[in-house]
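I would like the entire structure built from these sequences, with the hints used as guidance.
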Amino acid sequence: MKNNKAKNITIACISVIIVLGILFLAQRLLMPKYVDDIVEGGMVSEYYDEKSKDFNVIFIGDCEVYENFSPVTLWENYGINSYIRGSAEQYIFQSYYLLEDTIRYNKPDVVVFNIQSLQFDESRSEAYNRMTIDGMKWSKYKLGCIKASNTGDEHLIEYVFPILRYHSRWNELTSTDVEYMFKHKKVTHNGYYMRVDALPAENIPPAKPLGDYSFGDKAWEYLDKIRTCCEENNIQLLFIKAPSLYPYWYPEWDEQVKAYADKYSIKYINFLDVADEIGIDYNTDTYDGGLHMNLSGAVKCADYIGPILQNEFNVPDRRSDAALSASWDQKIQDYNDEIEYQKKLYNIQ
Amino acid sequence: MLFTSYGFIGLLIILFILYYTVPKKLQMPLLLITSLTYYAMADVRFLIFIGVSVVTVWFGAIKIEDNNKAIKEYVKLHKNEMSVDEKKAYKKAGARKSVIFFTLTLLLNLGILATVKLAGLKFTGILIPLGISFYTFQSVGYLIDVYRESIDAQRSLPRYALFITFFPQLIQGPINRYDDLAPSLLSEHNFDFSVFSRGMERILWGYFKKLVIADRLLMGVSTLISDPSTYKGGYVLMTLILYTLELYADFTGGIDITIGIAEALGINMKENFIRPYFSTSLADYWRRWHISMCSWFRDYVFYPMSTSSLSLRLSKWARKHISDSAGGKLPVYLSSFVVWFCTGIWHGTTINFIVWGMLNFLVLTISEELSPAYKKFHERFAFADGPIYKAFMIIRTFILVCVLNLFDCFVDVRDTVGLLISIFKKGSFSLMEKGALLNIGLSAADYIVAGVALIIVFIVSSSEEKDNISVRDKLRKNPYPVRFIVWTLLLTATLIFGIYGIGYDSSQFIYNRF
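If you read the sequences in order, they're chains A and B. Each step along the first sequence adds one to the number in my numbering, with nothing skipped, and position 342 is 342. Each step along the second sequence adds one to the number in my numbering, with nothing skipped, and position 503 is 503.
It cannot be assumed that every hint is accurate.
To be verified - Restricting the straight-line Cα-Cα distance to at most 30 Å, the calculated cross-link-like pairs of lysine-lysine (DSS-like) are:
| no. | chain 1 | residue 1 | chain 2 | residue 2 |
| --- | --- | --- | --- | --- |
| 1 | A | Lys7 | B | Lys474 |
| 2 | B | Lys25 | A | Lys5 |
| 3 | A | Lys53 | A | Lys267 |
| 4 | B | Lys88 | B | Lys270 |
| 5 | A | Lys267 | A | Lys218 |
| 6 | B | Lys375 | B | Lys320 |
| 7 | B | Lys376 | B | Lys329 |
| 8 | A | Lys142 | A | Lys183 |
| 9 | B | Lys320 | A | Lys5 |
| 10 | A | Lys183 | A | Lys344 |
| 11 | A | Lys5 | B | Lys88 |
| 12 | B | Lys270 | B | Lys24 |
| 13 | A | Lys7 | B | Lys376 |
| 14 | A | Lys137 | A | Lys185 |
| 15 | A | Lys218 | A | Lys263 |
| 16 | A | Lys7 | A | Lys107 |
| 17 | A | Lys51 | A | Lys225 |
| 18 | A | Lys5 | A | Lys185 |
| 19 | A | Lys107 | A | Lys140 |
| 20 | B | Lys477 | A | Lys7 |
| 21 | B | Lys477 | A | Lys5 |
Rather than coming from a laboratory, the hints here were simulated on the basis of the structure.
Take a look at the structure:
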């Protein structure tokens, strides 16, 4: 009798393990790999692959950070060890939870936050939510991020078991899905998404007047949370607005950010105001007509913010750290290889 | 809460765990609490409607039974003092009280159903209470059975409440009979892996039909019925077939889930379908489709009507003034007419459902009238009993059911008739230019998945039809690894190919609206 019971329990356990194993494999196969067209979904998880996470500067925000600043330039020219925790259309609540998630591993000296996301009080797209949240490791911050980002028809269970969300990809599967079932293709350089091609900013649509320029309550609430989190962890906070010409950044918005920054003595740099000083040429420094910087623009932005970080925020030059320098050497090699690859790809001399 | 929602699946998992871990005497209270919670989650105001039904029918049934018992006991006690005529007179006078209780309870419950269904939103200000047709019919069936003294009234209100509110049956039935369901529903159950796994197997099969087939076909059907002026001619043929297959997968899938849940809890529920699309006639179809509703109308409307004193008088009159045959048929046809009218109304109060009911009545009556000719035909031609002719009869019935089902799709009967006529108009199929079927919300992959899933369902049904043995019983004879592989394949296929989650709007069950 006892033997039978033990046998049945063993069979039940083996059965459950096999089913879970099959579903796990199916899940790995069906989840988007973000290595072909849309690579932005792979950015958040790349942070965890970093062997040493003792970054002095962490950038958080949307495409206005991950395409506009080159951490390699910051390292090569200033010895600043930085990482960009960016993701596509990263909402302010997601920035907050990513910041909390980052602090679990290491407290940086400075957090650079791009304030563009203040304009969104709620998530606009489940697909963008996924691109930020799927890559986060499980913690109470991921749970908080899921809750704060919910567009209304998202379920926690679909984040726990992504097969429930991505099952319908069965008819979109390609060989890439098989190839990257258990591995990830690196798509960024310390969070920086590189583009070397150029597309002049010629047809910027005129700004549409808004009925109400005030930011939403939720956006302010999470800006407060970001500030408080930095204060509690003794982290210096720097607000920036990247030099993107579009989507339009209204002066009314800028004034609200300035007022907030003044109130809490936070430095705020609007790169649009200093574009000439930086030397940004919107004919050569953007790859998509003024929305994002290309490599040339990202290098200029890094060269502008580097001295500020060093002189005003006392971020150390760590180039004398042999181990860190060695790890950067490999990163620089990958970075340069990518430049060469893209130059060939886009036929650039 | 939809059967296909994560919340429902979560509720089931919690219920299964608790059901087999709490002391057995708590199993029934647990089911009642779960059922009421489930009902309240749809809309807490619905509890008032179902509460009124439960309390009034429970109370009315007890009163009827008490009255019947009191009469019998009085007559028994005074059997020596009363003459036969006095006994008859006493019983008749006493029975009036039962009739009053019965009539009042019946009118109250059917009145609520009729008011809610006919007046709908205007009167109640809220949606039609979940499953009101199902639980009202189940309550009325119980009341009639107690009135007829074919069952004992349930004295415990919680026990009776569970019989009516048992949550899996609230969505789309089946309409259970007290003597079928109550014995196992109100009993205590030990965990038995073979019983539990059998239930789970049935639940999985139901989800497979609902999510992989029904909800996939729904994407096409929704487009096809959205614009009758565009989707006519050849498209109507597609609508007929897709809607009939969708309805089958949706309703039978839902009932599989319902019966499977009951089975996993150790509760026996009667089947509601016996492979309806293998029917050889419309009468045969109605013996196999939605059996609980058909038998309800048969037992509680058709038989009482056709054997009533009014029918007998009508029969006598017809025999005298028309013919013997008319005397026999008239009460039957009249009762049948009422049954089909009520069946139409039960499905919906719009004219299309009444026309649908009347068309069913018409076809069944004509078939009945022609039955002597059919008999002669079968006697004369041997091939009429062969497999080819049987296949012809099955296809003929399927087509007929498809056509009748089209009346479900459009409220305006003129639309339905116009669309049916458009199939036969010259050039009707030229409307479906190359690739048109891929523009109705279904991709080639959807057709392939639905097609393969339907072939699987067809193979299972054919096997059951041929041997009259459930495929699950056959599977049971196989060693555990074989069963395990089948379960895993079914689960994986449902999870991957099912229509659910973001990007899909998993549909309500079609019969939920009744």
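Task: Pair hint outcome, Lys477 (chain B) versus Lys5 (chain A) [Cα-Cα no greater than 30 Å] - done: Holds - the C-alpha atoms of Lys5 (chain A) and Lys477 (chain B) are around 21 Å apart, at most 30 Å.
- [ ] Would you mind confirming whether the straight-line C-alpha gap from Lys376 (chain B) to Lys329 (chain B) stays at or under 30 Å?
- [x] holds (20 Å)
Task: Restraint check for Lys53 (chain A) with Lys267 (chain A), where alpha carbons must lie at most 30 Å apart - done: holds (25 Å)
TODO: For the pair we were handed, Lys375 (chain B) and Lys320 (chain B), check the Cα-Cα distance against 30 Å.
DONE: holds (28 Å)
Open item on the list: Holds or violated: Lys7 (chain A) and Lys376 (chain B), Cα atoms, limit 30 Å.
Closed with: violated (63 Å)
Open item on the list: So if I understand the rule, the pair passes when the alpha-carbon distance is 30 Å or less; does Lys7 (chain A) with Lys474 (chain B) pass?
Closed with: holds (24 Å)
Task: Hinted pair Lys270 (chain B) and Lys24 (chain B), Cα distance within 30 Å - done: With Cα atoms ~24 Å apart, Lys270 (chain B) and Lys24 (chain B) stay inside 30 Å; holds.
Task: Satisfaction of hint between Lys88 (chain B) and Lys5 (chain A), Cα-Cα up to 30 Å - done: Cα-Cα ~64 Å, so violated.
- [ ] Take the C-alpha atoms of Lys88 (chain B) and Lys270 (chain B), compute the straight-line distance between them, and say whether it is at most 30 Å.
- [x] violated (39 Å)
TODO: Compare the distance between the alpha carbons of Lys25 (chain B) and Lys5 (chain A) with 30 Å, and conclude whether the hinted pair is satisfied.
DONE: Holds. Lys25 (chain B) to Lys5 (chain A) sits at ~25 Å (cutoff 30 Å).
TODO: Sort out whether Lys185 (chain A) lies within 30 Å of Lys5 (chain A), counting only the CA atoms.
DONE: Violated - the C-alpha atoms of Lys185 (chain A) and Lys5 (chain A) are around 47 Å apart, more than 30 Å.
Task: Restraint check for Lys183 (chain A) with Lys344 (chain A), where alpha carbons must lie at most 30 Å apart - done: holds (26 Å)
In the structure shown, a violation is registered for the earlier hints numbered 4, 9, 11, 13, 16 and 18, in ascending order.
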